[in-house]
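Here are the chains, one letter per residue:
4 protein chains.
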Amino acid sequence: MAERIKVGVIGCGYWGPNLVRNFAKVAGFDMVAVADLRQERLDLIKRQYPHLKTTKHYRDILADPDIDAVAVVTPISTHYKIAKEALLAGKHVLIEKPMAQTVTEALELIELAEQENLVLMVDHTFIYTGAIRKIKEIIESGELGEILYFDSIRINLGLFQHDVDVLWDLGPHDFSIMDFLLDKEPLSISAIGVAPIAYNNLVSIAYITINFGDDTIAHFNLSWLSPVKIRRTLIGGSRKMLVYDHLKHDEQVKVYDKGVEIRTKDAIYETLVQYRTGDMYAPKIDQTEALEVECKHFWDCIVNRKKPITDGWAGLRVVKMLQAAQKSMANKGEVIPL
Amino acid sequence: MAERIKVGVIGCGYWGPNLVRNFAKVAGFDMVAVADLRQERLDLIKRQYPHLKTTKHYRDILADPDIDAVAVVTPISTHYKIAKEALLAGKHVLIEKPMAQTVTEALELIELAEQENLVLMVDHTFIYTGAIRKIKEIIESGELGEILYFDSIRINLGLFQHDVDVLWDLGPHDFSIMDFLLDKEPLSISAIGVAPIAYNNLVSIAYITINFGDDTIAHFNLSWLSPVKIRRTLIGGSRKMLVYDHLKHDEQVKVYDKGVEIRTKDAIYETLVQYRTGDMYAPKIDQTEALEVECKHFWDCIVNRKKPITDGWAGLRVVKMLQAAQKSMANKGEVIPL
Amino acid sequence: MAERIKVGVIGCGYWGPNLVRNFAKVAGFDMVAVADLRQERLDLIKRQYPHLKTTKHYRDILADPDIDAVAVVTPISTHYKIAKEALLAGKHVLIEKPMAQTVTEALELIELAEQENLVLMVDHTFIYTGAIRKIKEIIESGELGEILYFDSIRINLGLFQHDVDVLWDLGPHDFSIMDFLLDKEPLSISAIGVAPIAYNNLVSIAYITINFGDDTIAHFNLSWLSPVKIRRTLIGGSRKMLVYDHLKHDEQVKVYDKGVEIRTKDAIYETLVQYRTGDMYAPKIDQTEALEVECKHFWDCIVNRKKPITDGWAGLRVVKMLQAAQKSMANKGEVIPL
Amino acid sequence: MAERIKVGVIGCGYWGPNLVRNFAKVAGFDMVAVADLRQERLDLIKRQYPHLKTTKHYRDILADPDIDAVAVVTPISTHYKIAKEALLAGKHVLIEKPMAQTVTEALELIELAEQENLVLMVDHTFIYTGAIRKIKEIIESGELGEILYFDSIRINLGLFQHDVDVLWDLGPHDFSIMDFLLDKEPLSISAIGVAPIAYNNLVSIAYITINFGDDTIAHFNLSWLSPVKIRRTLIGGSRKMLVYDHLKHDEQVKVYDKGVEIRTKDAIYETLVQYRTGDMYAPKIDQTEALEVECKHFWDCIVNRKKPITDGWAGLRVVKMLQAAQKSMANKGEVIPL
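Chains as they are written, first to last, in this note's numbering: chain A, 1 to 338; chain B, 1 to 338; chain C, 1 to 338; chain D, 1 to 338.
None of these hints come from the bench; they were simulated from the model.
A hint or two may mislead.
Partial list, derived from the structure: chain C residues whose beta carbon lies under 8 angstroms from chain D [said to hold, decoys possible]: (1) 139; (2) 148; (3) 158; (4) 209; (5) 226.
Each residue gets a CB set at the ideal place from its N, CA and C atoms; glycine is no exception.
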C-alpha cells in the first residue's frame with residue numbers, strides 16, 4: 001500500500017468519531033481534518049488527536065487542496081448538498097446512509113461522481129461485517145435453496161432523531177442488508193407507522209412489507225420504543241433456514257438444516273407436509289470491525305479505481321424503498337409500486 | 001368441592017389427551033369417556049386409562065345421560081356442529097379455540113347456551129397461565145401507564161394443518177391474549193399472508209395489524225416456517241414496558257422501568273425527547289399448569305353458575321378478528337373494519 | 001412385542017408417578033399396583049388410574065405372584081433392603097439411583113440378581129436421554145480426540161432431602177453420566193463440602209474433583225443453594241470440545257471445532273501455542289422422554305435376557321464414587337483412592 | 001479539574017493501547033509518551049496518535065522530568081522492577097495486575113510509594129465497572145443478608161501466556177473482585193490445577209477453594225481450555241442471592257428474592273426447610289467504561305492526595321492468594337493458611 005490518501009471527516013456527532021478512529025488506524029489513510037458546527041465536539045477530537053485540524057466550516061475541508069477524500073457524516077437533510085459540493089471540489093466521497101432524501105438527489109450524486117471520475121461510496125456499514133459477508137457466501141452457494149422469506153426486527157429504546165422518523169433512521173440498515181443479500185427485485189412496498197409519542201409527529205414504530213411479485217415476502221419491524229434491544233433477521237430457504245442475530249458474541253449466524261417438503265402419496269392421492277429437522281451449524285465469523293474493512297475498501301476503490309460494493313446505486317435503491325415506504329405510511333398502508 | 005361432574009372428551013388428537021389427563025387429575029371431575037374417529041388414538045387412551053369408555057361415535061357421549069359436560073377438541077370445522085349438538089343434549093361445553101368458523105356460528109352457540117342455562121367456555125388456554133394472569137394484574141394496576149403498543153411474535157416450524165392456515169392455527173392464541181389484556185376495542189384490522197410452500201394454498205406466514213382509532217397499534221407476526229421457536233410479546237406503556245417470553249423457564253415476564261418523555265425547555269423553545277432507564281424486575285409467576293387452572297374454573301362455573309373468564313363472547317371476539325384478518329389477506333392488506 | 005410384563009411401583013413421592021405414567025404408556029407393560037406409606041399419594045394415583053391396585057404395604061406387591069417386576073422408588077436408605085426382598089421374591093428390579101448406600105450392599109444385590117437370574121437395572125435416567133446417547137456416539141467416533149477434561153455444574157434452589165446431602169442427591173446424575181461417557185477409570189477423588197444452612201448438618205454445596213492418573217481432570221459443582229438452575233457439562237477433547245446444556249429447548253449439545261495446538265518453529269527453537277477456531281454444530285437430538293426409552297429397555301432386558309446398559313455394576317461404580325467423596329469431605333478434601 | 005497530569009505508558013501489548021486511549025480521553029491527563037520493546041507496536045500507536053513520543057527504552061520515560069505518572073503494563077515478571085524504578089524516579093504509578101510475583105515485592109513497592117509520597121494504584125479494572133460498584137452497594141446495604149458463598153467461573157479459549165499459568169492470568173480478576181466485595185478475611189486456600197496441554201508445563205485449568213473459618217465458601221473455576229466464554233459469579237446470601245454475568249449486554253446483575261429458611265414446627269418437634277421464591281430485579285448499571293472511571297480516580301488520587309480504592313494493599317492481598325494457591329497446586333490441593 002504505497003499510495004497515501006488524505007482524508008477529512010465532516011460531521012462529528014455520534015458516528016463521526018468512529019470514522020476518525022478507523023481512518024487513523026487504517027494504513028493507507030492520513031487522517032487530516034475534522035469539521036463540526038459544535039466547538040465541544042471539536043474539542044473532544046482535539047484532546048484525543050491533537051495533530052488534527054479542526055474547523056466549524058466544512059468548506060475549509062473542501063477547499064483544502066491537500067485533502068483527497070471526505071466522509072460526510074452529517075444530518076440526513078444535508079447529505080446531498082455537502083456531498084455535491086465535495087464532488088464538485090474534486091473529493092472522493094464516503095457518504096452516510098441514507099445517501100439522500102430523494103431518488104432524484106441520489107441519482108444526481110451518482111452522475112456527478114461519474115462525470116468527475118470520483119469514488120462515491122455509501123456507508124452501509126453492515127455490508128462489511130463478517131456476519132453479512134458470510135451470509136452472502138452461504139446464499140450464493142445455493143445452500144439455502146430458493147429464498148422464501150426475509151424477516152427482520154430492529155428495535156430498541158431511542159434514539160429519536162430531531163429530523164427523521166424511525167423508518168429513515170433504522171430502515172436503511174435492513175433495506176441495505178436485504179438489497180445486498182437477495183438477488184430479487186422488490187416490486188412493491190407497504191408500510192404502517194404510528195407515533196404514540198407526540199414528538200414532532202415522528203413515527204416511532206413502523207412495520208414494512210416488501211413484495212417481489214411471487215410468494216416471497218420481506219417484512220421489517222422497526223421501533224424506537226422497545227424496552228429490549230433486538231437485531232435479528234430470519235432468512236428462510238426451500239432447503240435450509242438461517243438466523244442472524246447481530247447482538248450475539250458468538251454464533252451470530254446459525255444455519256438450520258430444517259425445511260418443509262410436500263410429498264404426494266401415490267396410492268392414496270393424498271398430499272402430505274413433511275418436516276425435516278437436522279443439525280444446526282454456526283459458521284466461524286470474521287470479527288474484524290466493519291468500519292475498518294469498509295475504510296480499507298474505500299482506499300482500494302480510490303487507489304485502484306474500483307467500483308465500491310456499496311456504491312451510489314446501492315444507496316439509491318435504499319432511498320427508493322424509503323421514499324415508497326414513507327408514501328405508503330402516509331396512505332395507511334397503501335401498496336406502492338417500486 | 002362436594003359436587004362431582006362427569007365429563008367426556010370428544011376428539012383425542014394432539015391436544016385432547018392433555019384434557020383427559022387434567023380432568024383425571026382435578027378433584028371435582030370424573031373423567032368418564034373419550035371419543036375419536038381413529039381406533040389407534042382410542043387404544044392409546046385405553047392403555048393408559050383402562051377404566052375409561054371409548055367410542056368412535058361422539059354421539060354416544062352426547063347420548064349418555066350420566067355425562068354432565070363435554071370438551072370438544074375436534075378439527076375447527078366441526079366445532080360449531082358438535083358444540084351445538086352437545087348443548088342441545090344438555091351438556092356443559094368446553095370448546096377448543098377458535099370456537100367457530102364464523103361470527104354467526106359463535107353467536108348461535110352463545111345464545112343456545114344461554115337458553116339452555118348451560119356453561120359455554122372457550123379453551124383460550126393462555127388466559128389461565130400464571131404469566132398472563134400476572135400481566136393482567138400489572139396492567140390493571142396502572143403500572144405501565146397508558147398502553148402504546150402490543151407487538152407479538154409466534155413462530156416455529158410447523159405444524160401445517162390440513163384444513164386451516166397459520167392465521168386460524170396460531171392467531172387465536174395472540175388475539176385472545178390481546179383481547180384479555182387490553183381494555184381497548186379494535187376498530188380495524190389489516191393482514192398480509194403468503195404461501196411460499198405450495199400446500200393446499202395454505203398461508204403459512206402472516207403479518208396482522210390492528211388499529212384502535214388512536215395512535216395505539218397491535219401487530220402480530222405468525223409463521224409455520226421459522227427454524228426457531230419464538231413466542232414473545234412486547235407491551236409498551238407510557239410509564240413502563242413489559243416483555244413476555246412464553247418459552248423461558250424463569251423470568252417469563254419482565255417489567256422495564258423504561259420510557260420516553262417529552263420535555264419543553266422554556267428558555268429556548270425547544271422540545272426534547274428524554275429517555276428514562278431504570279431497573280427491571282421479573283415478578284414471580286405461578287407455574288401451575290394452565291389447563292389445570294382452566295379445568296378447575298370450568299368446574300367452578302358449572303357448579304356455582306358462574307360466567308367463565310373465557311366465555312362465548314371472548315370466543316366470538318377472537319373469531320371476529322380472524323374473519324376480518326382473513327378477508328384482509330384475500331384483499332392484499334385492505335383495512336377491514338371490525 | 002408379544003410378551004407382557006406385569007409391573008408394580010414401590011414408592012410414589014416425587015419421581016414414582018413418572019414411572020407409573022411411563023409403565024402405563026409403554027406397550028409391553030401392564031401397570032398393576034402401587035405402594036406408598038402415605039394414603040394421600042395413593043389417592044392421587046387412584047384418581048388418575050382407578051384400575052390400579054394401591055397399598056400401604058410394599059410386601060403386598062412382592063407377595064403378588066402375578067407381578068413380574070417392580071420399580072423401587074423409595075428413600076435411598078431403603079433401596080438395598082427392598083430391592084433384596086424383591087429379588088428374593090423373584091421379581092425383576094428397576095432401582096432408583098443411587099442403588100445403595102455402600103459398595104457392599106450394591107455388590108450383594110448384583111450377586112443376588114445373578115443367582116436368581118433376574119434383571120437388576122439402575123434408574124440412571126440421564127443415560128437414556130437423546131442428548132447423552134448422542135454425546136456417547138460423538139465421543140466413540142473419536143471426533144473429540146483424547147478427552148482432556150469433564151467439567152460439570154448442577155445447581156438450583158432445593159430440594160433439601162431429609163436424609164441425604166447434596167452429594168448423594170445430585171452427584172449420582174453426573175457421576176453416572178461421566179461413568180457412561182468416559183472410557184477412563186477414576187483413580188482418586190477429593191471433595192469439599194459446606195453446610196451454610198444449618199439443617200441436620202447436611203452439606204448443601206459440594207465441589208468434587210476426580211483424578212485419572214494422568215493430566216485429565218473431572219470436576220463437579222453441586223449446589224442446593226443457587227438462585228438459578230444450571231445443568232451444564234463441558235467436555236474438552238484434544239480435537240474438539242463439547243457443551244451439553246440440559247435445560248435448553250434446542251441445541252442441548254454443541255460441538256465446537258476449537259482447540260489448542262503446540263507448534264515448534266524449528267528455525268528459532270520456539271514453542272508456540274496456536275488456537276484453532278472453526279464452526280460449531282448442534283446435532284439433532286432425539287426428544288423421546290428418557291424414562292420411556294428406559295422402560296422399553298427394561299422390558300427388552302427382561303424378555304430377551306439382556307444385560308441393562310445401566311446394570312448393577314454401573315450402579316456400584318457410582319456408589320463407590322459417592323462413598324469416597326463423602327469420606328474426602330469428612331476429611332477436608334483429603335485425596336481418597338478409588 | 002485545573003491541574004493537568006502528564007502521563008507515559010510503559011508496555012503496549014494487548015492492554016496498553018486501552019490505557020493510552022483512555023488517558024487521551026480523560027480531561028485531566030496529557031498523554032505524552034509510550035514505550036515498548038517492539039517497533040511494530042510503537043508504529044501502530046504512532047499512526048493513531050502522531051503527537052506521542054515513542055521509545056523502545058522505558059527508562060526514557062522514567063528520565064523525562066516532564067512526566068508525572070506512568071502506567072506499567074508489561075509482563076508480570078517485570079512489574080516489580082519497573083514500578084520500583086518508576087517510584088524511585090518520582091513518578092506516580094498505575095500498575096497492571098497482579099502487581100508483583102511475591103508478597104515481599106508487593107510490600108516493598110507499597111513502602112517505597114509511602115516513603116516517596118507517591119500514588120501507587122493497581123489496575124484491578126473490574127472494581128471500576130458499574131456492575132461491581134452496584135454489587136458492592138447492594139451487599140453493603142445488607143439486602144443479601146449474611147454472605148453464604150461466592151462461586152465464580154471465568155473460562156474461555158486462551159490466551160496462553162508464555163510466562164504465567166491460568167491462575168496468575170485469570171485469578172487476579174476474581175480474587176480482586178472477592179476481596180473488594182466481601183468483608184471477610186480468607187483463612188486458607190486450596191487449589192487443584194492440571195496441564196492437559198503440554199506447553200511449558202503451564203497449568204491451564206484450575207479450581208480454587210477459599211475457606212473463611214466458618215461455613216462460608218468461595219470457589220473459583222478458571223480455564224483457558226473452554227470452547228465457550230463464561231464470566232459469571234453467584235453470591236448467595238441468607239436473605240437474597242445475586243448473579244453477576246459480565247458478558248450480558250443488559251441485566252449484568254440480577255438480585256433474586258430467593259432463600260432458604262429453617263422452621264421448627266413446635267407441635268411435632270420437626271425441623272423443616274422452606275424455600276422462599278419471590279421477584280427478581282436487575283438494577284440499572286452505569287455503563288461507563290471501567291478504565292475511564294479508573295483513570296479519573298487515578299487523577300483524583302494524584303491531584304487530591306487520596307488513597308486509591310485499589311491501592312497497593314489490595315494488590316498485595318491478591319498476590320498473597322495467588323502465591324498460596326500456587327503452593328497448594330504444587331502440593332495436590334494441600335490446604336495453605338493465608
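Hint-by-hint comparison with the structure:
Proximity of residue 139 of chain C to chain D is violated relative to the hint, the smallest CB-CB distance being about 15 angstroms (cut-off 8 angstroms). At its closest, the beta carbon of residue 148 of chain C sits 4 angstroms from a beta carbon of chain D; the interface hint therefore holds under the 8 angstroms criterion. The interface hint given for residue 158 of chain C holds, since its Cβ lies 5 angstroms from the closest Cβ of chain D, which is under the 8 angstroms cut-off. The restraint placing residue 209 of chain C at the interface with chain D holds, with a minimum CB-CB distance near 5 angstroms, inside the 8 angstroms limit.
A hinted interface residue such as residue 226 of chain C counts as satisfied when its beta carbon comes closer than 8 angstroms to some beta carbon of chain D; here the least separation is about 6 angstroms, so the hint holds.
Of the hints listed earlier, the one the structure fails to meet is number 1.
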